[in-house]
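Two independent chains are provided; combine them into the complex using the hints.
Going down the list, the sequences are from chains A and B. In terms of numbering that gives the first Met the number 0, the first sequence opens at residue 0 and continues consecutively. In terms of numbering that gives the first Met the number 0, the second sequence opens at residue 0 and continues consecutively.
Please keep in mind that the hints were generated in silico from the structure rather than gathered at the bench. Note that the structure is a prediction, hence the values are computed from the model and not measured. Where is the CB? At the ideal position from N, CA and C, for every residue including glycine. Do not rely on the hints blindly, as some may be mistaken.
For each label pair, taking beta carbons as the anchor points, the in silico distance ranges come out as [claimed, not checked]: (1) B:G132 <-> A:A294: 35 to 43 Å; (2) A:I123 <-> B:S343: 49 to 57 Å; (3) A:I108 <-> B:Q202: 22 to 30 Å; (4) A:R86 <-> B:R159: 49 to 57 Å.
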Amino acid sequence: MSEAAVRLGRPGWSIRRALGVVVLLAALAAVPGFANNYYLEVLSEAWFYVLLCLGLNIVVGFAGLLDLGYAAFFAVGAYTAGIVTLRLGLSFWLSLPISVVAASIAGVIIGGPTLRLRSDYLAIVTLGFGEMVRISVRNLAVTGGASGLVGIERPTLFGYHLDSIGAYYYVFLLLAVLGVVASHRLENSRIGRAWKYVRSDEDAARAMGINHAMVKLAAYILGAIFAAIGGCFYAAKMTAISPETFTFNQSLLILLGVVLGGRGKIPGVILGALVIVIFPELFRDVGSMRMLVFAISLLLIMLFRPAGIWPEKWR
Amino acid sequence: MKKGVILAAAGLLALGLADAGPARAAEITIGAQVPTSGSEAPYGIDMLNAIRMAAGEINAKGGVLGEKIDILPGDSACDPQAAVNAASKLVSQGVTGVVGGYCSGATLPTLKVYGDAHVPFVITASNSTELIGANPGNAFMINSTGFDQVKTAVNLFKARGIKTLAIINEGDAYSANLAELTRTAWEKLGNKVVDYEVVSKGQQDFSPVVTRIRQRNPDAVFWTAYYADGALLIKQLRQGGYAGMIALGDGNNSPKLFQLAGAAAEGVFCFSNPTANFLPEAKTFIENYQKQFHQPPGPYSALSYDGMMLMAHAITVAGSTDRMKIIAALKQTDNFPGISGPISFTPQNTLARSNFVVLLAKGGQWTLYTGPGAPGAK
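Okay, chain B solo, but in the shape it has when bound (with noise of 0.2 Å):
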């Protein structure tokens, strides 16, 4: 009878796990759905870092309809399946809402388990151009969308009279994704791109696209994937002698690119969304987050802390933790005052205006580009 014995015990295993869920009353609890696990959780504990931070300040002041904000993280490892356990627990646990989301792939599912739950749900990184058809109506992006990064990106080019284009990225989704954007805005336009190129995550030797590009001589280079392959990319063109104007996307804007490419990335451009140390609003936000964390904020934590002060604003407009109310009160954001500049929302809840600014690298750092064709300039 061993083996009935254990089997008995396996079932009350899986029993036993279900008795276990705990709803925490008299507190509001705001789920923070980001990766703290896995490749991606140095950007996580940014983000869940920023939600804490902005939820600490909150109850500083007394709290959001005099109950105090309690965070619970949900780790989305970056993985679709893991996503949708971590959203399903923070439902279970009863969240009033969630702030988070940073990898795309992940935040997808998890749209229609908050969905059918009603949860109010502030998606603060992830910008796919996906979620915007997948949203049941309770998510509301505060990243601007690939859509409004290839504005930026084709304005600026405009602007600096580039006529032909070479676009290289690395076949994942969001690299893939933008240059498929880009091309078709571009040739919408009238104009060529010369050099289409996928090339291989981790790839080290460029060589062939160089020729490539050499031989087809574009204005303009145009990287979409991230920093750590794009550095040697523009180190390689460089010594190439390619001379034209090199643009990244906003996987690119980290300042370690400098360390990688050194001198070479001098006066290469990158989009960006509005990391804090651009932001004139920001200031108190990265000497708080300094003192507290011992770290400078990561490039989603001012986007993640303005969820969090966006979601308490929106429980005080509704006046009750009713998640639906919230919903509401959510979709009539009107430029409500974030570090990242105002927030109010389109009838899909995408961000109202484009937040990616333009960013060049001089004397090894980056600087906010204000020239011809950068966003707001005339």
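Chain A with its partners taken away, still in its complex shape (with noise of 0.2 Å):
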């Protein structure tokens, strides 16, 4: 940042820097004018992973608490938008109050007994959640079972109907932008430092009057809202749902993106988003092997950036 560089109201922001986002958003916002519908796909997958890592990154970055089962909140939310829309017969709009409910009670479920747990110990209990959501509903009538809910209608918005991919590109776009800002937020607010203290030296923070059970669930349900409202808006678009996506590796792809950009970094965070979803895509002329390719080039970043792509910096 230059000395020179005119402050705004908030410290850290420059006209340069603030300009710079108006373009980068003015340019993603144009990209449907010219992307044909694969990379509209594909940019669309890319911002809803964006707003899944930037969701854990608030549980695994910013509060150092290791989960290995936030599908299940994503689950929550897809589940809550198809149970709404298709049993219950209500408008899509009123599934998002409902899951954010739904997800804070999940985030409360998986967060309170595990207060007292650490590293391991928490990561192997945060595993068996997020597979007894997956278990729960493929047997629960409500949910469909196996095949899942099929049939999702989708929303309409000022009357316009949100059914073509350019719609759901602007869709996650708007929710990709409103997590960084969310994140961005919390960071440096009063409990984003408390996440990080606590993070540091759990007992710390303790002495210096942290309330850490309201820190640490207060982690939980917000990542937890992230990924619900995710969840929605995929169920939406899919418009149909199995819990087959809810599985063990969903959870660990969106590990892997926070892991792997660089964990409580928001912008770290959003590269590594952008790069588990857009590498297996670059390398689908690869054919049978994109796979392997993709998993030798996630193995090369890890070992030329151990602390992920764009760390942050511990002070």
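Okay, here's the thing in structure tokens:
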């Protein structure tokens, strides 16, 4: 940041930086004007994973709680949208507040009993939670059992039917931008600093008067809400959801995005999410070897950038 | 300003992706939507091989409308999101039509992608009954659906004097759907399902199930999931002293069942889509396939070969690569002579006849069952 840069209201924001963001957003918003459906499809998926990775980043990056069952929250959102629209016959938009409530409850369910657990033990419990959610939706009648929910109506917004990939490109881009803004605000808030304190030294944080239980629960709940809102729109876009989408691999992929990009660092997490979505697509022409090439490129990144592509500077 | 540079670079990377969409011209391109990665890749590659082989034979005879056919594979990875990406990519590359579709769950969301672009889609393996309702009209299923399998199963049970039935599935979309449809159809006839079990995939010990089946002693046991676990179940049922009829769903037609179940598999029935070795018309197909790929064709190879041939036929009938005309031509398909049997469509674009056959395990291999209750037998 140059000395001459004119300071805006908030510290750290120069006019040049703000301009850069505006230009970048304008460029991204212009993409549907010239890109074909395939690129829109891949980029929508990328924005979607940006949102998921940012959500998980609150738990793993900011609060330092290893979570191997994050896909469960994504499932809560997607199934809430499916049940609200298909079973209850309500508007899709109602599923957003309902899924936020459902995700908060799920966040407390996983956060509450694990407050005193750390590292490996916490990872095992979250892994179990993820599997429990998946197996529950596979066996409940209301979630359509193993076949899942099919024929979810696509929503209408101000008379405009969200029915094309172009529309979902903007939906997921908007969600990703909101996710970035929310993450940024959270990171620099009182609770954001509390998360990082707990991450660095939980005992010291408690000694300084931080309510570690509330702080950790808040991380789980906020992370869950990100995934649940994303899940609602995922259900609307795909119109069909099944338990196979919410496997352990899904949780792992989201975690990979966070770790690969650099935990705790918002731009790093965005990059990580883009890598996990765009790399396998770039290698599509390699054919049957594409997942191998993907895995090797991930290994190389981790070898040369062990803290992630764009790691957080620890202060 | 380092951050700004990186941000700009990321933006450029995203934009750079957007101008690469090549539309190949001068050839007729057909997409092959099959899983070539992930757990189902072996089946997907079997299908892709057969589609390529069909295209090769068509090209050797001068192609379609004087143009060569070029196959573009799209890896569905048996995953809904990956399948939608693959489908969008195929549409963006300007394919004239698409052949393939293995995992029903992955095929389902692609129907809309192809439907919006009016791309004709010949589905050669996926046969979930949920595909029927979701079809926007451009997709054609040349594999019989679950309904036909249930009919085949019920006919066989009736003809063999079965009164009480035990149904066992694994709770996944395919086996649960088949089990549920069978139960409904069986109870509608006034018969009893005395035991309905859901076991987990990869379960090794079936003794609780075997004990219950011994107690309730059904005339037949119907296993609707896949062969790997089915083989163990057969073995343990026979060891447990169950002597009744055992029937298996179409995920069990693999010869590997015999390696796993051994002598216990003798006399077991299996419903199956027509695999190449039971098709009289497929002899040259098997030989050519073996020659070209150095392995025998997979369970869906014959259907995939037919799918490609049918697509080429429809393009010829349409007389152009106009997608709407090809869809109309497919719709009017009348007894197209495929190696897996004649192809015509119902108003819902599903195969007009049931292509299910009944196999009987005899001497350590599958043989075509032609006794009472077999499809086509009186």
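**OP:** Could you tell me whether the CB distance from A:R86 to B:R159 stays inside 49 to 57 Å?
**Re:** 40 Å, violated
Original post:
Do A:I108 and B:Q202 keep their Cβ atoms within the hinted range of 22 to 30 Å?
Top reply: Given range 22 to 30 Å: holds, Cβ gap about 28 Å.
**OP:** Could you see if the CB distance from A:I123 to B:S343 stays within 49 to 57 Å?
**Re:** At 56 Å between Cβs, range holds.
**OP:** With respect to the beta-carbon atoms only, verify the hint that B:G132 and A:A294 lie 35 to 43 Å apart.
**Re:** At roughly 38 Å between Cβ atoms, A:A294 and B:G132 fall inside 35 to 43 Å, so the hint holds.
Against the hints set out earlier in the document, a violation occurs for number 4 only.
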